[in-house]
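All chains, please: the whole structure from these sequences, using the hints.
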Amino acid sequence: MALSGLFLVFFLAQHFVINITSVIAPDTFNEWSHFMGYNGLVQFILQPVLIAGVIVHFAMGIALELKNNKARAIKYKQYNGNANSSWMSRNMIITGLVVLAFLGLHMYDFWVHEMAYKYIEVNPESPTRYYEETVLKFEPFWRTIIYVISFVLLSLHLWHGFASSFQTVGVNNKYSAGIQTFTKIYSIAIPLGFIFIALYHHFNPITH
Amino acid sequence: MGILDSKVPKGPLAAKWTQHKNDINLVNPANKRNIDIIVVGTGLAGGSAAATLAELGYNVKTFCYQDSPRRAHSIAAQGGINAAKNYQGDGDSAYRLFYDTIKGGDYRSREANVYRLAEESANIIDQCVAQGVPFAREYGGMLDNRSFGGVLVSRTFYAKGQTGQQLLLGAYSAMNRQINRGKIQSFNRHEMMDMVLVDGKARGIIARDLVTGKIERHSAHAVVLATGGYGNVFFLSTNAMGSNVMAAWRAHRRGAFFANPCFTQIHPTCIPVSGDHQSKLTLMSESLRNDGRIWVPKRMDDAIAIREGKLKPIQLKEEDRDYYLERRYPAFGNLVPRDVASRAAKERCDAGFGVNKTGEAVYLDFASAIQRYGEEEALTHGIKNADDKEITRLGKKVIEAKYGNLFQMYEKIVDENPYETPMMIYPAVHYTMGGLWVDYNLQTTIEGCYCAGEANFSDHGANRLGASALMQGLADGYFVLPYTIGDYLSKDIRTGAIPTDLPEFDAAETAVQDRLDKLMAGSGQHSVDFYHKKLGKIMWDKCGMARNAKDLQDAIDEISALRADFWANVKIPGKADGMNQELEKAGRVADFLELGELFAKDALTRNESCGGHFREEYQTPEGEALRDDENFKFVSAWEYKGEPKDAVLHKEELKYENIELKTRSYK
Amino acid sequence: MKLNLKIWRQKDAKSKGEIVDYPIKGIEGDMSFLEMLDVLNEELINKGEEPVQFDHDCREGICGACSLQINGEPHGPDRLVTTCQLHMRKFNDGDTIVIEPFRATAFPVINDLIVDRTSFDRIQQAGGYISVNTSGNTVDANAIPINKHDADEAMDAATCIGCGACVAACKNASAMLFTSAKVSQFALLPQGQVEAVDRVQNMVRQMDLEGFGNCTNTGACEVECPKGISLENIARMNREYLSATTKG
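Chains A, B and C supply the protein sequences, listed in that same order.
According to the numbering used here, the stretch in the first sequence is residues 1 to 208, in order.
According to the numbering used here, the stretch in the second sequence is residues 1001 to 1667, in order.
According to the numbering used here, the stretch in the third sequence is residues 2001 to 2248, in order.
Hints listed in this document are in silico derivations from the structure and should not be mistaken for laboratory results.
We put the CB at the ideal spot given by N, CA and C, even for glycine.
One or more hints might be untrue.
[Unchecked claim] On the chain B side, residues computed to face chain C include the following (Cβ under 10 Å):
(1) Leu1169
(2) Val1398
(3) Ile1413
(4) Phe1479
The structure is reproduced here in structure tokens:
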């Protein structure tokens, strides 16, 4: 759980760095996107690894939830979880499933389209199409809202998950306070950044 | 003395134990596999005995009423464990520990047993450290020591204020290792209801499964009782709610003599009673007397003002305080033995100087320790010109590191911050020196029935020194009983397993069943606690810190009447064939109602004051205990003859060949 | 004060239990929570009803026998106390108090508020010890100096009273804090090194076999632990486990 989570956190950071260029420098965005889309290493090694990472994280999460549910077959009539733990830590399955559902939409929006474009329709390479395609996606209000909400839940998921993964791999020492602060900043900053990107493109549509 | 043969080996004191171990018979490892031993009670003595016996190769069955051996009440011991290691180089030795213990016990214990205890004490520390018991250490990595009452050296090893817990967990882990190896079968939530004798030998027990209510038979070649003390006869004590005398009393009824029942330790530093609802008393470790100073107001009007809440203790000037222990006992000051400290507190409170609402409390003050440590800390940390506030802050930190958990416990219970205002304390029943009579081998007067730890009478005489109970429990369990019992069992190598369908088992089971039926058949007037509280009040008022012939006689009569009332009118809801905590309590209280009477009878017979037994008729002009060595230098061992009033006294004369009997003085 | 108690009653392991209402009055702030239940039981007995059964023994916070989920928290709302040390001054007149047994599949209910915690014993039996024989013939206690900081940390881990509040508080009913406290005590001491690899593996295996849940680091256990056992112990056990796995 922790290891796949840490891997996904790392991926998220990389994803963000590329995306933010769509706001700052659309040309760089096109260039990097094209590289990611046509580099063999990325496409045929890293991409499957990433997909595997997501699947492992998801499958383990579900298995964990099922096992943990069984560990208390008879529930409490009253359970005051707020007194001793954060909502985020207790509801990883909820935030996780929302993020997963979002991932479905996100994959449909970008990945499925990409796969079809490249491997089914076998279109020729077009190194400058990415920026426009991306911005267009954020034109509809409903999609932007879904993205924003999903990022909020992602933030909640990260808020507990990122810090928690250090504990699981056994890191709890004098650096822990620093690590904790870093993970908390990360779990707010990155999703906030994604929200910014989504909103930016929604409110700055490409006018032809 | 006829039937009371202490079996103390001949030879010089220091050689007795070694010689004895060389002389006694052993059981070879192959034969040990065919021998079963029952251990009742899994505290320090029982747990350690069970672990060692299993380690040696015997088949062990342990029984405890708790849901896990780890919860035995040894776990609550706070302050520490004595050992003559002389790590501090302050002149300690096995002889000195032996001497302190005999003197502390007011010359009413057996020399040879106590010397053996002192000898084995050092092994205990080695053993426990090897097991991973996290004793407190100094910065150099060596073990730390503190000082306890009644001694002039620092020989007490400790693990914060939870020494008993750590030692018990050590014994419990040794047990766990044997359970994992299949050498110990542990029966938790089981209570011993009776002992089964076959041809005069202890051959098994009848136990009740406290979950199902089922009556079970368990046989063995020997039975070890390590069931703790009977302080709960007072209802309010520092014992656990479940601590009881049932196993020892059942053995007593079957022929084990009960020794010195009136020797009870009233511990001076407990949290005072707050009201009628009080279910038990909480101890504040004796280690607190290392740093705390005990006082009451000098003037009566101040005491009254404090009781009425008009005056705060911290407002009282130094010269208006009576540090009565320092005044009366300048040599030992606040570290006099427990019996002396308790009586002194009672004396001040009886004279009207008590400091809480009920007038039954004295102060234990840490202000000067905080000041002293603060100054020391400031100095060692190179803080120059530290102001009072800084010194107090530093001092409080030191106190917190030493006694933090005790202070926290006090604050939770009393709702006052002991760092800011002195603690209030009052004596409470804590430990019973009396118990089943045992010989040097820890065998009772029933062949094959052994008794270890607080449940026996052997080592503490009329008063136990602080941090010696843990020492005795572990010495008995780890290092004494497992060897001495081999001598007895060496005769049993051809016996084979003891069947549980013998007529003796039938009879014992029937007796247990009848008794349960009788308890359930009470008319239903009053709850078990109703009787227990009544018994406790009689005991505390008439057999407590100060006793006299008239009160004791009254106590005997009252307890006898209360017992009759109990059997006729007790009310136990529910059924006997399932979990029934009221029924469990009833069985225990029924036995306390017999023991209490014997207790009073024993106290009445002993016409002297010694240790925890203080007879008002026998005191010096200064109010100190007046011992009578000429007529009472013996162990009273009572033989059961039906009603407690018919019990027959046997005396084991105590011989002092290595120590000169003196009047105990801590001045 | 007057209180409205809602208490789980269950005749035995097989029966279905239910919450029963018990109004009670005359409760004082100086009473401990268990003394309040004593008052209730005395009333019930006098009315001819069966008293509420609950585990308790030392009543000074060290034996670990008392349990009780009080208003949704193990050992109630106060911190660093067991139920026996929880005092009624923490409640207000007219409060409703819900009292349930500790719930976990590995802690089946025996009767009313009493649960079976022998799963904890079995975890300890799987390896919570140092295999040294009890003859006393070992090296001198001061032969192995132990760093004070390590000794103190081992002591902090060793103060666990095995009450099960960690399991009761955890949304996953995980026993990681309990198990890791024992593993940590020995991991921090030189005496514990010899068997370190087997110990952590055996104890974790037993913990899983007992049906406890997995740790998701909610931290509830640390907050509710009456002895303040730290989450650091769980991290340490994870490290020990990881390193044991690599060592085979």
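Tested hints:
1. Using the Cβ-Cβ criterion of 10 Å, the hint placing Leu1169(B) at the interface with chain C is satisfied: the shortest such distance is roughly 7 Å.
2. The criterion of a C-beta within 10 Å of any C-beta in chain C is not met by Val1398(B), whose closest approach is roughly 15 Å, and the hint is violated.
3. Restraint check, Ile1413(B) versus chain C: the minimum CB separation of about 7 Å is within 10 Å; hint holds.
4. Annotation: interface hint on Phe1479(B) holds; nearest CB of chain C at approximately 6 Å, less than 10 Å.
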